[in-house]
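J.: Residues per chain are reported as follows:
2 protein chains.
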Amino acid sequence: MIEDSDYDMWALIAQTRHILFKARKKELEEYKISPMKSAVLVKIQELADKATPTQIARVIVREPHSVSEILNRMEKDGLVERIKDPERKGRVRYTLTESGRKAYSQSVKRETIHAIISSLSAEDYRQLSTILKKLRDAGLHELTKRQYKFSDIP
Amino acid sequence: MIEDSDYDMWALIAQTRHILFKARKKELEEYKISPMKSAVLVKIQELADKATPTQIARVIVREPHSVSEILNRMEKDGLVERIKDPERKGRVRYTLTESGRKAYSQSVKRETIHAIISSLSAEDYRQLSTILKKLRDAGLHELTKRQYKFSDIP
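From first to last, the protein sequence lines stand for chains A and B. For the first sequence, counting from 1, position 134 maps to 136 in the numbering used here; every step adds exactly one. For the second sequence, counting from 1, position 1 maps to 3 in the numbering used here; every step adds exactly one.
Okay, chain A solo, but in the shape it has when bound (with noise of 0.2 angstroms):
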């Protein structure tokens, strides 16, 4: 095995990141939604009369198509509703419906959340926040040099 602690700290992260996000999800499961559904629902909710597909899927950084299909499996879930704009033929947004709020304001809570980062100090949440902006923006800078790299040079 080669000594490597540049690679125990990513594969930390990596670890850390995986069991944080498993215990959300299986929050989330009381509700019977998905971390994916929630977001949807928390971005319907705060774009109130603009929540068209195109715009849930800009705010949570997914492909429009794939956004759409989660759409149609909330409405068939009975968390959505679809509603034609009677002024743009074809443009179509969507409202929670009542089970759709009950499952928003109980996702909101954020039980795990709450738990797991109340187990830092002030001071540890501080650190942590300045550490993970050096992180984010030296992998910016990563991922800049490479982007540039394999881009077509004319």
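Worth double-checking, as some hints may not be accurate.
Note that identical chains are pooled: a pair holds if it fits in a single copy or bridges any two copies.
[To be verified] Derived DSS-like pairs: lysine-lysine, alpha-carbon spacing no greater than 27 angstroms straight-line:
| id | residue 1 | residue 2 |
| --- | --- | --- |
| 1 | K111 | K34 |
| 2 | K27 | K135 |
| 3 | K24 | K147 |
| 4 | K86 | K147 |
| 5 | K135 | K111 |
| 6 | K136 | K52 |
| 7 | K147 | K27 |
| 8 | K147 | K34 |
| 9 | K24 | K45 |
| 10 | K104 | K24 |
| 11 | K135 | K24 |
What the hints contain is simulated information worked out from the structure, not anything from laboratory work.
Dock chain B against chain A, hints included.
T.: Same frame as chain A, now just chain B:
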């Protein structure tokens, strides 16, 4: 929108991890493998003659069935070879093919990982490690608690 600093931290963790893995993914695309396939190659190499699907799944924290799917695809791609255990019926283990060993050597260079993690000072590194372990343990605690709640109590 509800003010929620715990959620902000959660989002920062998710965003940082997303950017880091996107950078690593870009690097691995050069060697025509995915991050998950790279992890599997490394684990097969480390586990040597103990590289059964169950052991590989255990060390990379994934469900055994999803690791089996990856192993099947990697076998088709000529990266790994399945070997039947002559001593235990039905038990299989994996080894790297020549092409798998080549992809392994290239991927363990981990250029993006070194570039990103080396942006941290020794003190940052120490702090991040301590904080992530706190979060991981809090996550595991939540997970245990919730899995208990949902189990069938006789």
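J.: For each hint, tell me whether it holds in the structure or not.
T.: Checked hints:
Taking the shortest Cα distances, K111 and K34 sit within 27 angstroms of each other inside one copy (15 angstroms), while across copies they are farther apart (42 angstroms). In this assembly of identical chains, K27 and K135 lie within 27 angstroms of each other by CA distance both inside one copy and across copies; the values are 25 angstroms within and 20 angstroms between. Only between protomers do K24 and K147 lie at most 27 angstroms apart by alpha-carbon distance; the minimum there is 12 angstroms, versus 32 angstroms within a single protomer. In this assembly of identical chains, K86 and K147 lie within 27 angstroms of each other by CA distance neither inside one copy nor across copies; the values are 39 angstroms within and 44 angstroms between.
Taking CA atoms no more than 27 angstroms apart as the test, K135 paired with K111 passes in both settings, with 26 angstroms inside one copy and 24 angstroms between copies. For a Cα distance limit of 27 angstroms, the shortest separation of K136 from K52 qualifies neither inside one copy, at 31 angstroms, nor across copies, at 38 angstroms. With identical chains, the CA atoms of K147 and K27 are at most 27 angstroms apart between copies only, with a shortest distance of 13 angstroms across copies and 34 angstroms within one. Taking the shortest Cα distances, K147 and K34 sit within 27 angstroms of each other only across copies (18 angstroms), while inside one copy they are farther apart (40 angstroms).
Taking identical chains as interchangeable, the C-alpha atoms of K24 and K45 lie at most 27 angstroms apart whether they share a chain (21 angstroms) or sit on different chains (22 angstroms). Proximity of K104 to K24 under the C-alpha cut-off of 27 angstroms is restricted to the intra-copy arrangement: shortest distance 22 angstroms within a copy versus 33 angstroms between copies. Taking the closest pair of Cα atoms, K135 and K24 come within 27 angstroms of each other both inside a single copy (23 angstroms) and across two copies (16 angstroms).
Consistency with the previously given hints fails for numbers 4, 6, ordered from lowest to highest.
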